[in-house]
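Colleague: Following the hints, complete the assembly by docking chain B onto the known chain A.
Protein chains in written order, with this note's numbering: chain A, 1 to 329; chain B, 1001 to 1263.
By construction, these hints were calculated from the structure, which means they are not laboratory data.
Source: prediction; values computed, not measured.
Hints should not be assumed to be uniformly reliable.
Computed footprint of chain A on chain B, listed as stretches where at least three residues anywhere in the stretch have a Cβ under 8 Å from a Cβ of chain A [said to hold, decoys possible]:
id, stretch
1, 1016-1024
2, 1080-1091
Simulated pairs of lysine-lysine, BS3-like, Cα-Cα distance not exceeding 30 Å [claimed, not checked]:
id, chain 1, residue 1, chain 2, residue 2
3, B, Lys1095, B, Lys1229
4, B, Lys1095, A, Lys10
5, A, Lys95, B, Lys1002
6, B, Lys1002, A, Lys16
7, A, Lys90, B, Lys1002
8, B, Lys1002, A, Lys91
9, A, Lys16, A, Lys35
10, B, Lys1205, A, Lys96
11, A, Lys25, B, Lys1002
12, A, Lys95, A, Lys244
13, A, Lys95, A, Lys21
14, A, Lys15, B, Lys1253
15, A, Lys96, B, Lys1095
16, B, Lys1253, A, Lys5
17, B, Lys1253, B, Lys1002
18, A, Lys10, B, Lys1253
19, A, Lys198, A, Lys263
20, A, Lys234, A, Lys47
21, A, Lys21, B, Lys1095
22, A, Lys104, A, Lys6
23, A, Lys244, A, Lys140
24, A, Lys10, A, Lys140
25, A, Lys95, B, Lys1229
26, A, Lys15, B, Lys1095
27, B, Lys1204, A, Lys104
28, A, Lys90, B, Lys1253
29, B, Lys1095, A, Lys35
C-beta atoms are modelled at their ideal positions from N, C-alpha and C, and glycine is treated no differently.
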Amino acid sequence: MITTKKLIKKYVSYKKQPGIKGAIKSLWDRSFIEKNAVDAFDLEIGKGEIVGLLGPNGAGKTTLMKMFTGIIVPSSGDLEVLGFNPFDRKKEFRKKIALVMGQKSQLWWDIPAMDSLHLIKAYYEIPTADFNERVAEMAKILNVEELLHVHVRKLSLGERMKLELMASLLHQPEVIFLDEPTIGLDLVAQDAIRNFIKSYHEKYNPTVILTSHYMQDVQSLCSRLVLIMNGEKKFDGDILDFEKILGTDKVVSFNFETSPSDKSAFEKYNAKWDLNGLSVELALPQQELRAFSGYVLEHFDVIDFQTEKLPIERVMKQLMLRPELLNHE
Amino acid sequence: MKSVLNYFNIYRNFVSCSLTEELSFRLNFFLLLVVDAIFTLSALGTTFILFDHIPALGNWNRDQLQFFLVFMLIIDDFQGLVLSSNFWMLSTDLKAGNLDFTFLKPIHSFLPMFFRYLRPSSVISLVIDIALLFYFADKLHFTYVDYIALPFLLFLSVCLRFILEMAIALLMFWTTEGVGINFIRLQLQSLSRWPDLIYRGIAKKVLMTLLPVLLVGSAPMHFLFDHSKWHYILWLIVAVVVFAFILHLSWEKARIRYESASS
Chain A
1 MITTKKLIKK YVSYKKQPGI KGAIKSLWDR SFIEKNAVDA FDLEIGKGEI VGLLGPNGAG
61 KTTLMKMFTG IIVPSSGDLE VLGFNPFDRK KEFRKKIALV MGQKSQLWWD IPAMDSLHLI
121 KAYYEIPTAD FNERVAEMAK ILNVEELLHV HVRKLSLGER MKLELMASLL HQPEVIFLDE
181 PTIGLDLVAQ DAIRNFIKSY HEKYNPTVIL TSHYMQDVQS LCSRLVLIMN GEKKFDGDIL
241 DFEKILGTDK VVSFNFETSP SDKSAFEKYN AKWDLNGLSV ELALPQQELR AFSGYVLEHF
301 DVIDFQTEKL PIERVMKQLM LRPELLNHE
Chain B
1001 MKSVLNYFNI YRNFVSCSLT EELSFRLNFF LLLVVDAIFT LSALGTTFIL FDHIPALGNW
1061 NRDQLQFFLV FMLIIDDFQG LVLSSNFWML STDLKAGNLD FTFLKPIHSF LPMFFRYLRP
1121 SSVISLVIDI ALLFYFADKL HFTYVDYIAL PFLLFLSVCL RFILEMAIAL LMFWTTEGVG
1181 INFIRLQLQS LSRWPDLIYR GIAKKVLMTL LPVLLVGSAP MHFLFDHSKW HYILWLIVAV
1241 VVFAFILHLS WEKARIRYES ASS
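Pulled out of the complex, with its shape left as it was, chain A reads as follows (with noise of 0.2 Å):
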């Protein structure tokens, strides 16, 4: 469905000295940096797959989407989306795609959201009663009817996200990518708007690409994951091997009523104690974990006990402060 084989794009920008003199300067002498956003790139995603995209900003994530989608074209390598070269950007190919962009918009701004869906429809040649059902559908899903007839200005973040989701899936595409589709948006939005690509996925099985900072999205969302550093994949599998990258340790956090006056069972597990002594977290091998959590609970005067929610949080984040940890995998 989408294959990539040592994609590569390059940028090209230059270094401007501050001030007048730095850009007087510059119209002439330009020390130019070349960058490459995506380097060698290999990739294979499958029908039906949800794929996390993952790195840090800058990493190439969005290049690769807008190469995906036939919006910029590669400085080189081979690419194919559902069989085309996107760049060719075959009208065939654009009726399979979507892309939903989280800083981006398609619907006008100044006109109601039913005017842009009504574009959209003629854009794609959607049959009448085939769009008056689909959004009818989504619209009940997403809770937006009473939004359809309301200038795009006059909305939320979050209203809007979720006409923008509607206009991006009327036509039923084949792949979808998602850039960042829930940034900005309060947790009852982010919610919503997971739940709806879940139940569209469920439905229509379509190959969805993700890109997000957000590790709630990829954890419900996604059961393989892509990670993208300096525009080099440095990671690819699934989802759980992914947690695990650093380790298997589970990590544990307790809450005390009052600071324990021994800590010492708990320094081999890499404790790390808040300024009060109050709480801890700490890394528990796999095996060890019901045993050593049981012994806390009964010695100690525990108030709360939580395992990790997001490990892979925990993961990207020790990942982008130490890259080099991926060089000992």
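Modeller: Chain B only, in chain A's frame:
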């Protein structure tokens, strides 16, 4: 055929969206109607006063000059109605990466890129100018042949103007900033608002061939005022075809240069 109908359907939706957008700001819409009407009337008034003191230019008399003027104003009106707003948006769209969704749509990108936004208020000027065109056509004793040829000639002229301006606008894919390119467009428009009769030497050759802006207005006039000069129409058609081809080639180069903007 199906594809052509689909393009018309999309364009109908552009008209609907633009009109909805314009009418959302009622006061601004009425203001634009008044301003456009005043602009058209003052442009006509100024030029008519000027032409009142010029009994002839080359072998064109005052009525023929005024007919030419109104013909050019109609082309400007069509451009204002259909294209102009989009040219001013293009540079912003290029810098902000707003063409991403344009490129994704399963149609030729020119349609949403150049024809998305209309300026409905220009209709007032168009109506005034079309009425004046018929007034001067009558004064010039146009025959049935002239009246039948007129819409076709107007269509060809509008095509050439649009194609030339779009080709120039595509240079924004190289310059990114659009002020300079839009300034060039406006200057070429100004040059084309005078008959080719006033130009001489290299300037005339360039403006009739390499950048054939003078053909837009002057070619149809030469034919309408003297049917023996039919070769001007042939010239106009050739210019449309050649520059449409150049536009197509330029687009193939330009679209590769689009880098979007990082988000």
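Colleague: Next, verify each hint and record whether it holds.
Modeller: Here is what the structure says about each hint:
1. Closer than 8 Å: that is the beta-carbon criterion, and the stretch 1016-1024 of chain B has 5 residues meeting it against chain A, so the requirement of 3 holds.
2. Under the rule that three or more residues need a Cβ within less than 8 Å of chain A, the assignment of the stretch 1080-1091 of chain B is violated, with 0 such residues.
3. The suggested pairing of Lys1095 of chain B with Lys1229 of chain B is violated, with an alpha-carbon distance near 46 Å, which exceeds 30 Å.
4. Distance hint between Lys1095 of chain B and Lys10 of chain A is fulfilled; the C-alpha atoms sit about 18 Å from each other, no more than 30 Å.
5. Restraint check for Lys95 of chain A and Lys1002 of chain B: satisfied, since their Cα atoms lie roughly 16 Å apart, inside the 30 Å limit.
6. Distance restraint check for Lys1002 of chain B and Lys16 of chain A: the Cα-Cα separation of roughly 52 Å exceeds the 30 Å cut-off, and the hinted pair is therefore not satisfied.
7. Among the hinted pairs, Lys90 of chain A with Lys1002 of chain B is consistent with the structure: their alpha-carbon atoms are about 17 Å apart, no more than 30 Å.
8. For the hint pairing Lys1002 of chain B with Lys91 of chain A, the CA-to-CA distance comes to about 14 Å; that is within 30 Å, so the pair holds.
9. A distance of roughly 16 Å separates the Cα atoms of Lys16 of chain A and Lys35 of chain A; the hinted pair therefore holds under the 30 Å criterion.
10. For a cut-off of 30 Å, the pair hint linking Lys1205 of chain B to Lys96 of chain A is broken: about 49 Å separates their Cα positions.
11. In summary, the hint linking Lys25 of chain A to Lys1002 of chain B is not supported, as the alpha carbons are separated by about 55 Å, beyond the 30 Å threshold.
12. Restraint check for Lys95 of chain A and Lys244 of chain A: the C-alpha separation of about 39 Å exceeds 30 Å, so the hint is violated.
13. For the suggested pair Lys95 of chain A and Lys21 of chain A, the alpha carbons sit about 50 Å apart, so the restraint of at most 30 Å is broken.
14. Restraint check for Lys15 of chain A and Lys1253 of chain B: satisfied, since their Cα atoms lie roughly 26 Å apart, inside the 30 Å limit.
15. A hinted pair counts as satisfied when its Cα atoms are at most 30 Å apart, and Lys96 of chain A with Lys1095 of chain B qualifies at roughly 27 Å.
16. In summary, the hint linking Lys1253 of chain B to Lys5 of chain A is supported, as the alpha carbons are separated by about 24 Å, within the 30 Å threshold.
17. Taking the CA atoms of Lys1253 of chain B and Lys1002 of chain B, the gap is about 28 Å. The hint holds against a cut of 30 Å.
18. Our distance criterion of 30 Å between C-alpha atoms is met by Lys10 of chain A and Lys1253 of chain B, whose separation comes to about 17 Å.
19. Distance restraint check for Lys198 of chain A and Lys263 of chain A: the Cα-Cα separation of roughly 44 Å exceeds the 30 Å cut-off, and the hinted pair is therefore not satisfied.
20. For the hint linking Lys234 of chain A to Lys47 of chain A, the alpha-carbon distance of about 23 Å falls within 30 Å, and the restraint holds.
21. The straight-line distance between the Cα atoms of Lys21 of chain A and Lys1095 of chain B is roughly 24 Å, inside the 30 Å bound, and the hint therefore holds.
22. For the hint linking Lys104 of chain A to Lys6 of chain A, the alpha-carbon distance of about 29 Å falls within 30 Å, and the restraint holds.
23. Between Lys244 of chain A and Lys140 of chain A, the direct Cα distance comes to roughly 39 Å. Violation of the 30 Å bound is thereby established for this hinted pair.
24. Restraint check for Lys10 of chain A and Lys140 of chain A: the C-alpha separation of about 43 Å exceeds 30 Å, so the hint is violated.
25. For the hint pairing Lys95 of chain A with Lys1229 of chain B, the CA-to-CA distance comes to about 49 Å; that exceeds 30 Å, so the pair is violated.
26. The hinted pair formed by Lys15 of chain A and Lys1095 of chain B meets the criterion: a straight-line CA distance of about 18 Å does not exceed 30 Å.
27. A distance of roughly 46 Å separates the Cα atoms of Lys1204 of chain B and Lys104 of chain A; the hinted pair therefore is violated under the 30 Å criterion.
28. At most 30 Å may separate the alpha-carbon atoms for a hinted pair to count; Lys90 of chain A and Lys1253 of chain B meet this at roughly 17 Å.
29. Straight-line distance between C-alpha atoms of Lys1095 of chain B and Lys35 of chain A comes to about 19 Å, which keeps the hinted pair within the 30 Å bound.
Going down the numbered hints, you'll see the structure goes against 2, 3, 6, 10, 11, 12, 13, 19, 23, 24, 25 and 27, while the others check out.
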